[in-house]
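Guided by the hints, dock chain U onto chain Z, whose structure is given.
2 protein chains.
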Amino acid sequence: MILLIPGPTPIPNRVQTAMAGPLVYHRGPDFPALLTGIVEDVKRVFPTGHDVYLLSTSGTGAMEAAVVNTLSPGDSVIVARAGNFGLRWDKICEAYGIDVVIVEAEWGKAVDPDCVRAALVANPSARAVLATHSETSTGVLHDIEAIGKIVSGTDALLIVDGVSSVCAHPLPTDDWGVDVAVTASQKGLMVPPGFAIIAFGPKAGKASERSTLPKHYLDLSEYRQSLEEGRGPFTLPVTLLVGARAALDAIGEEGIDSIWERHARQASAARAATNALGLDLFAERPSNVLTSIGLPETIDGLEVMTRLREQHGVVVGGGLAHLRGRILRVSNLGYVVDEDLLAGIEAIETVLSDMGGDIEVGAGVTSARDVLKK
Amino acid sequence: MILLIPGPTPIPNRVQTAMAGPLVYHRGPDFPALLTGIVEDVKRVFPTGHDVYLLSTSGTGAMEAAVVNTLSPGDSVIVARAGNFGLRWDKICEAYGIDVVIVEAEWGKAVDPDCVRAALVANPSARAVLATHSETSTGVLHDIEAIGKIVSGTDALLIVDGVSSVCAHPLPTDDWGVDVAVTASQKGLMVPPGFAIIAFGPKAGKASERSTLPKHYLDLSEYRQSLEEGRGPFTLPVTLLVGARAALDAIGEEGIDSIWERHARQASAARAATNALGLDLFAERPSNVLTSIGLPETIDGLEVMTRLREQHGVVVGGGLAHLRGRILRVSNLGYVVDEDLLAGIEAIETVLSDMGGDIEVGAGVTSARDVLKK
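Chains as they are written, first to last, in the working numbering: chain Z, 505 to 878; chain U, 505 to 878.
No wet-lab data here; the hints were simulated from the structure.
The reader is advised that the hints may include incorrect statements.
Identical copies carry no separate label here, and so any pair may be met within one copy or between two of them.
For lysine-lysine, the following DSSO-like pairs were computed, each having C-alpha atoms within a straight-line distance of at most 30 Å [what the hints assert, rightly or not]: (1) Lys653 with Lys877; (2) Lys710 with Lys595; (3) Lys707 with Lys595; (4) Lys707 with Lys878; (5) Lys653 with Lys878; (6) Lys877 with Lys595; (7) Lys710 with Lys878; (8) Lys613 with Lys710; (9) Lys710 with Lys653; (10) Lys595 with Lys613; (11) Lys653 with Lys613.
Chain Z with its partners taken away, still in its complex shape:
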């Protein structure tokens, strides 16, 4: 099975092997070095100089932690969003009685940083701007650097969902003025799902002192205190941390710069293939996490996905919400080798042609291979 999905991503063998070893005891003497080593190495992949905490939650749990540790009931925030995952910020904020001002772009487009600036001017009491780095439902990359320049000139925090972007794109929190960034194990980090990571900077730390939203399991002050002793306040998923240790070793050997470059090269190849096949590149400002391919009206994306899986052993993402059946989301996130990406493109060509699409079989693979060779 070839997994070309934006998480859980394929897992390198050495990560699997590490996790199959004997269980580490989370109160035992070896645990603090494991945890603090992971925390230090994870900082390099954002990169971030902020405090970093590991939570036993999915990425959404860390997004909620970002909100409940910095805000108070009745606060207002600006959510900059352009897709399904951006919607999660509204939902979390609304669940906690936060007033949400929405700055929205059409799905497939990116939110214009100038619109964020205008929203901040119109809502000077906004406590935070919440944004999505790589919007995985559409394949769009937001310009967090530009948004950060705008937000850092105000009292508002910039809180960024980097769940799918970290390891595929740099997210230098300190340079870009990102106060809180979250990611999760099963994405660029190449570990199975089961823990999330939150980078929490000094401006966020100040905000946390006045935050009154209720929290216990997600209370980062507990994590800060426990981390000083090399532990989590609650039981952490040790097996997955052992996997993370192996994954971070692999990342260290390849080098995070090379990994960013690999994601850029592979995504560029997928985009070249899409163009060569005369298909629609759905994302206006495409992410290197995944390539969204708009399908011809006559072709049912769900049927394409079934054929890809059953006839070719290739798993790609489909469209979410109103895009269901309308796009394919072909991801090269994590541990994807060029050959798997090419096999995926070849399978897509074949299936679309079989289903009556006006497709020149081979054109996509040829274009992609040319890009990958560079």
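Same frame as chain Z, now just chain U:
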């Protein structure tokens, strides 16, 4: 290394092997059968006829879910506690603005159900009683059946921390009037840490309709809706679920009744050994999860634990909070074979004797073996 600790417990080989297999995609076609099969089989281990949800959190996350899904700010509750883990209920409730009435027993003793009755009479508006089945910091088992008889005659909910007890003791929620019960993967279930389980009954379901505490990640209505499609609302730790599938198969083969009996037999053997060595059985109403051994004043428990680990490869729990260094907590929870328990007892005898304890080396093992033979 012989792990005699109350979680993470030793993992059977078949569980390790299952987790080393290829990754299952949480949006793929095989996932719903995996998740719903686990949910159905987990119901048998409580046993419970209630709805059961899996959360990507530690046990504490599920405890918090029990609170935020049933209560509202300003509600009052009764916390029945007698140890470190019972304290967690206060902390969670207080973080959410719930008024807590505490019914406390000294560490090492169990809360008297009649005291819970008296607290309910004195606080007729209490919305819930929160209790701990097996209090792992002291080794005490609470009489949840008796507490349930009292609470079920009132409008209050009975919410039980079964994190360490499930699989070691029956916790028949429906028969005992338990409205919410929580447990976690790394305990009797014999899976590494990384997910929690919540059983949520009809009286709790009614309460959830009027609960106004804020929640998103822990909102069980989202879990209920997603489970109908065989999914979680957020990414679940699939690798650990594959492990859980194997563990539940093993539990099914041994039979949950036999597993309860095994825990009873092994804990009884550990207690017999403690008595034979002239040591103090710390728990007045002992759990079958672990045996708390009170040490002579002259012996430092931390040094005992270090020697056990370094000289004998045996890991046991130590005393928490004011019991630090004063007790050993020897657990037979999960996948512990008789030989490992005996080796642990033998190591304890040897270390205590080496440290100048008045110990008849061999007496503990002999008594334990006699009990195990029965």
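Indicate which option fits the pair Lys595, Lys613 if close means a Cα-Cα distance not exceeding 30 Å: within, between, both or neither.
For Lys595 and Lys613, the Cα distance is within 30 Å only inside one copy (21 Å; across copies 45 Å).
Up to 30 Å CA-CA - Lys878 versus Lys710, copy category
neither (47 Å within a copy, 62 Å between copies)
How would you classify Lys653 and Lys613 at a CA-CA limit of 30 Å: within, between, both, or neither?
Cα proximity of Lys653 and Lys613: one copy only (20 Å, versus 59 Å across).
How do Lys707 and Lys878 come out at 30 Å by Cα distance, when the copy is not named: within, between, both, or neither?
neither (42 Å within a copy, 64 Å between copies)
When no copy is named, should Lys710 and Lys595 be tagged within, between, both, or neither for a Cα gap of at most 30 Å?
both (24 Å within a copy, 23 Å between copies)
Please sort Lys707 with Lys595 into within, between, both or neither, judging by C-alpha distance up to 30 Å.
both (24 Å within a copy, 27 Å between copies)
30 Å Cα cut-off: does Lys653 pair with Lys878 within a copy, between copies, both or neither?
neither (33 Å within a copy, 73 Å between copies)
Status of Lys877 relative to Lys653 across identical chains (alpha carbons, at most 30 Å):
neither (36 Å within a copy, 72 Å between copies)
How would you classify Lys877 and Lys595 at a CA-CA limit of 30 Å: within, between, both, or neither?
neither (43 Å within a copy, 58 Å between copies)
First find the shortest C-alpha distance between Lys710 and Lys653 inside one copy, then the shortest across copies, and answer within, between, both or neither for a cut-off of 30 Å.
Result: close within a single copy only, 20 Å intra versus 48 Å inter.
For the identical chains here, do Lys613 and Lys710 meet the 30 Å Cα criterion within one copy, between copies, both, or neither?
neither (34 Å within a copy, 43 Å between copies)
Hint compliance for this structure: hints 1, 4, 5, 6, 7, 8 are not met, and every other hint is.
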